[in-house]
Amino acid sequence: MVKQIEIRLKKYCRGFHLITEDIIASLPALPEFGLLNVFIQHSSAGLSLNENADYTVREDFETVFNKLIPENNPDYKHTTEGDDDLPAHVKSSLIGASLTIPISNGCLNMGIWQGIYLCEFRNNGGQRRLVLTIYY
Amino acid sequence: MVKQIEIRLKKYCRGFHLITEDIIASLPALPEFGLLNVFIQHSSAGLSLNENADYTVREDFETVFNKLIPENNPDYKHTTEGDDDLPAHVKSSLIGASLTIPISNGCLNMGIWQGIYLCEFRNNGGQRRLVLTIYY
Amino acid sequence: MVKQIEIRLKKYCRGFHLITEDIIASLPALPEFGLLNVFIQHSSAGLSLNENADYTVREDFETVFNKLIPENNPDYKHTTEGDDDLPAHVKSSLIGASLTIPISNGCLNMGIWQGIYLCEFRNNGGQRRLVLTIYY
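Residue numbers (our numbering), protein chains in the order written: chain X, 1 to 136; chain R, 1 to 136; chain G, 1 to 136.
In isolation and in its complexed conformation, chain X is listed as follows (with noise of 0.2 angstroms):
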């Protein structure tokens, strides 16, 4: 069985922002033993499953990411929307679109030191969309 709900998060700036309450607190009751599934409506950023306690993390995340994929490579070709639209696509596609948790005794069962991140890689990508699909 399925039950499945759409929301939209509020506008979140730019780098890696955890939203694990905001999904929780969006989430109908769940059944005791499961899957959900968060899907992100969009090609510019993306979701990840990371550590939740230390902030740096996330603060160095944005550090390394764009080391990885820089902006202002004279070979992009996809370059009308900004310097920051080709490699937010790329980094959308490294990091994924989805996350699929487990739920068990109807609870979200990922490891203590695991939240979910919104990877938000435009500078202003607006609120983003996303599907939250329980199965069970």
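Think of the hints as simulated: they come from the structure by calculation, not from any bench.
Among these hints, one or two may not hold up.
In this list, chains with the same sequence are indistinguishable; a pair is considered to hold if it fits within one copy or across any two.
[As the list claims (entries may be wrong)] EDC-like mimics (lysine to aspartate or glutamate), calculated; alpha carbons at most 20 angstroms apart, straight line:
| id | residue 1 | residue 2 |
| --- | --- | --- |
| 1 | K3 | E59 |
| 2 | K11 | E21 |
| 3 | K3 | E32 |
| 4 | K3 | D75 |
| 5 | K77 | E59 |
Dock chains R and G against the given chain X, drawing on the hints supplied.
Chains R and G alone, transformed into the frame defined by chain X:
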């Protein structure tokens, strides 16, 4: 409940290719709500969701990934199948082998700018096999 | 319907390790058709599908990932747990924390060259915990 089919894509050349229409054309009637898992049975190609309108994004992806994981690195040990072989394996793991996409109101519920990419990392990858699984 | 179990892997050293047989040995009887989700409850390790025959692929992966996300970068802020810590978090998000694999005719339906990799990015990661969820 689960519906599953296996398909074989036509042969694509090395690069990033939009295969959304190939996937949709292969699917049986979709349920009202559910999820579609698209799985590629190969370790030197991958699947991703990204920009579906401007083909230069896909050309830029080829440029970026080739720079990120260069060929002809003398440190590589797995070289018997050609210079493109080991980099193709690494790129495959960076991009991923499967996608999970929500189904809503009987349609794939991607964002309007999202399309399904076949990421062909070999020079001669041949016809790639996919397993499409719908659960609802 | 959903079946779910939790397992703990033996301790692996830093690197990429083929754990397909460990996963299969842990699974209950599989349904005829469905999907298996393998989820790692950690933010400094990951899971991937890649080449299952030549161990030099996994050695090359360690070389490539260490070059891609180097240690000892003076820009990193999250450094209290050692030089391998922040790079391990980034690699984990690049590789991903879960896999979804089709089940067909009662077996995992991967390609013949695909195996499940535990990607251990810490020098001393300990015994990693996995949640295995079968849905059918």
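Hints versus structure:
With identical chains, the CA atoms of K3 and E59 are never at most 20 angstroms apart, being 34 angstroms at best within one copy and 38 angstroms at best between copies. Taking identical chains as interchangeable, the C-alpha atoms of K11 and E21 lie at most 20 angstroms apart only when both belong to the same chain, with a minimum of 15 angstroms there against 32 angstroms between chains. In this homomeric assembly, K3 and E32 come within 20 angstroms of each other (Cα to Cα) both inside a single copy, at 14 angstroms, and across copies, at 11 angstroms. Proximity of K3 to D75 under the C-alpha cut-off of 20 angstroms is found in neither arrangement, the shortest distances being 44 angstroms within a copy and 43 angstroms between copies.
Proximity of K77 to E59 under the C-alpha cut-off of 20 angstroms is restricted to the inter-copy arrangement: shortest distance 8 angstroms between copies versus 29 angstroms within a copy.
This entry does not satisfy hints 1 and 4, going by the numbered hints stated previously.
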